[in-house]
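Enquirer: In case you want the letters, here they are:
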Amino acid sequence: MSPGEAPLPARFYPAGGDAHGHPARLAWDDGMLLVQPEDSSGLLRVPASQLRVEARGFNHSQWAIAWAGDAGATHTHLLLVDDARIAPLRAAAPALFAAGDTTRRHSQRRFRVGIVLLAAIPLAFLGALLLSVEPLAERLVDHIPPGVEQQIGEAVLAHTRAAGPMITEGPAFDALQAIGKRLARPGEVLHFHLAARPEINAFAAPGGIVVVHSALMASAGSAEEVAGVLAHEIAHVELRHSLRQIVKSAGLRIILTGLSGDYAPLGGWAAQLGELKFSRDAERAADARGLERLKEARIDPMGMLRFFETLAANTPSGPALLSTHPATAERIDSLKAAIAAAPGAPAQSIGIDWEPVKNALNSPSGPQRK
Amino acid sequence: MAMDVVDYEIFGNEMQYVEVELDPGEAAIGEAGVMMYMQDGIAMDTLFGDGSQQQNGLFGKLMGAGKRLLTGESLFTTVYHNESSGKRRVAFAAPYPGKIVPVDLSQLGGTLICQKDSFLAAAKGVSLGIAFQKKLGVGLFGGEGFIMQKLDGDGMAFIHAGGTLMEKTLAPGETLRVDTGCVVAFQPSVDFDIQYAGKIKTALFGGEGLFFATLSGPGRIWLQSLPLSRLADRIVMASRAAGGGGKESGSLLGGIGLGSLLGNDE
Ligand SMILES: [Zn+2]
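Sequence order for the protein chains is A and B.
According to this note's numbering, the first sequence is numbered sequentially starting from 1.
According to this note's numbering, the second sequence is numbered sequentially starting from 1.
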C-alpha cells in the first residue's frame, strides 16, 4: 500500500515541533513506514528497524510510533494512531506490535482481576456472615427458655393437626400413653401424640413433644418395638436436636429473632419445614441415648432392633421414617454391638397385648379419630 | 450517522448557560435537569440511553442502562427536537459556577474522555459511553477517575468546568500532575494514570488529596479550578463550624480526612 491509496490517518509530532502535532497519512512499503504529513511537507521514509512502537493513551487505546529525529540524540519523531484504525499497519508489520499487545493484555488482565477482587470483597463478607450463622444459632439454642421451646413445639403440633386427623382415644392411643409413661423419668414432662397417617413415621418436636403415626404402631410387632422408636425420638427431644435444626434452618432470620428476643416466629418457620432431617451424628447420639433410656426403663432393647430390622427388610422403597433415618444397616450393627457390650438389667415386659392394638388400627371402621 | 450541526452561543461570565440553535429536524441531547428554557416548536422526548445508534437492540440498551446506573447517571436522556419549520433555540445552564466548554468532537479525532459529572449537552448522535480507567493501581480505590465518561461522534458537545477553566495542549512526553477532582476532560491520546499522592498525614491535616492524576501528552486537557465536591466540602465544613463547638473533632475527620479516603475530590 502507498500513502495515497490506503491512507491511514495519524497525528504526527515532528521532533522539536509544537505540542499540537499535524494530521498525517501512513502506509507501509517493503519494510519502510511512509509518513505523509498533510501540510504537504515531504514524504518521510523510516526503516522498520528504527521504529519503536508502544501502546499508550487512555486504556492503551492509541499506538505511539517513535523514531530518532535527524539531529539524533535529544528529540524523537512521534506518530499517534488510534487502535481502531491500526489494522492495515498491523497486518503489514505484525512484529512491531508484539510488545504493545503484551502491555495491553496485561493491563486488561489486571483490570479483570481487580474487578473480580472488588466483587469478591462483598461476597466474602456475605459468606463470612452465612458461615457465622451456624455458630450463632448454636449459641442461641442454649439461651432459648423452656417456655419458648414449648411455644415452638405447639406450633409444630398445630401444623401436624392441620395436616390430618389425630387419634385421641382407643386402644392404640392408650397403648402409646402407657409406653410413654413407662419411658418417662420421674418429673419429666413428655407429650405423646398419635396421628392417623398411612406413612410409617414418628418425629420429635421441641418442648418434649413426640408424634407417632398410626401406621408405625400398626406395623410394629410389639409394644417393645414401639418403645424403641419412642426412646429414640425422646432422645432427640432431650438433645434439643429439633430446636437446633429449626434454629439453623431459620438461617439469618434467627439472628434478628435473637436480637429482638421474640422467638414466636420460629414456630411458624418450623411448621413450614415439616419433617426435619438430622445429621448422622445426631441420629447415632439419639440411638445411644435411646438405648440407655430403654435399659433404665427395663424395656427389652431387642424391640428397637427388631423394628429397625423389620423396616429395613420389608419396605425396600423406604418408608418416611427411613428417609429421615438413613443408613439403617449401619445403625442396626452399632445397636447390636451396643446391646451385646452392655446387656443391662433383665427386662420386664411392658405387658400390652399388641394384637388388639393392631386390630383397632386396622379395623374397617377405622380408629376413633378426632 | 451524520451528526446534527449545532450553532450555539454562550452567555454569562461565571454562571453560564449555552443557547443552542437547532435547524428544523435537528436535535440536541441534555442531561436531565440542565435545561433552562426552550422556544416554541421544540419537542422534548425522553430516551432510554443517549439516543445514539450504538444502543440499538435490547441488550445494548440494557448494557447502556447498567453502565449509567453504575456511574450514578440518570437512565434517561432528554432529547430536544426541533419540530418547527424554522430555527429554534434551547438553552442549557451550568449547575454551578464555572465555565461551559464547547468541544467539537470532529476536531478532536472523534473521542473525548471526561469526568463523569461534567457533561452538559451535545448534538444528537453523540454517544455517551462509560470508560473504566483500566490502569487500576490505587486508582480503583481512589474513586474519582476510575469511571469516566466517553463522548464519541463528530458533533458539538458542551461540558462544564467548575471555577476557572484551564485548557492546555500537552506536548509529547509533557507531564502534569493534577488533583483527581480537577480533571474535566482529555483526549484519549493523553496517558492518564492515577497515583497515590503520599502520606495520609498530609491528607488528614493538609487537606490534600490522597490520589492525583498524572496526565502526559501529547493531547489536549481541560482542568477545573473548583470541583463541585471541593466546594461542597468547604460548605459542609463551614456550616459545621458555625453549628457549634461540639463537632470540632468530627469536622476534622469527617470533613477532610474521611472524605478523601472515600475518594472525594479533596
Ligand atoms: Zn432420629
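You may find that some hints are simply not true.
Derived EDC-like pairs (lysine to aspartate or glutamate); straight-line CA-CA distance at most 20 Å [claimed, not checked]:
1) A:K248 - A:E238
2) B:K168 - A:D83
3) B:K134 - A:D39
4) A:K358 - A:E169
5) A:K248 - A:D101
6) B:K150 - A:E238
7) B:K134 - A:E309
8) B:K134 - A:D101
9) B:K150 - B:E174
10) B:K150 - A:D82
11) B:K116 - B:D104
12) A:K358 - A:D101
13) A:K336 - A:D353
14) B:K134 - A:D18
15) B:K150 - B:E83
No wet-lab data here; the hints were simulated from the structure.
Enquirer: Could you run down the list of hints and mark each one as holding or not?
Expert: Consistency of the hints with the structure:
| no. | hint | result |
| --- | --- | --- |
| 1 | A:K248 - A:E238 | holds (18 Å) |
| 2 | B:K168 - A:D83 | violated (24 Å) |
| 3 | B:K134 - A:D39 | violated (35 Å) |
| 4 | A:K358 - A:E169 | holds (14 Å) |
| 5 | A:K248 - A:D101 | violated (52 Å) |
| 6 | B:K150 - A:E238 | violated (67 Å) |
| 7 | B:K134 - A:E309 | violated (67 Å) |
| 8 | B:K134 - A:D101 | holds (15 Å) |
| 9 | B:K150 - B:E174 | violated (23 Å) |
| 10 | B:K150 - A:D82 | holds (15 Å) |
| 11 | B:K116 - B:D104 | holds (18 Å) |
| 12 | A:K358 - A:D101 | violated (83 Å) |
| 13 | A:K336 - A:D353 | violated (26 Å) |
| 14 | B:K134 - A:D18 | violated (29 Å) |
| 15 | B:K150 - B:E83 | violated (29 Å) |
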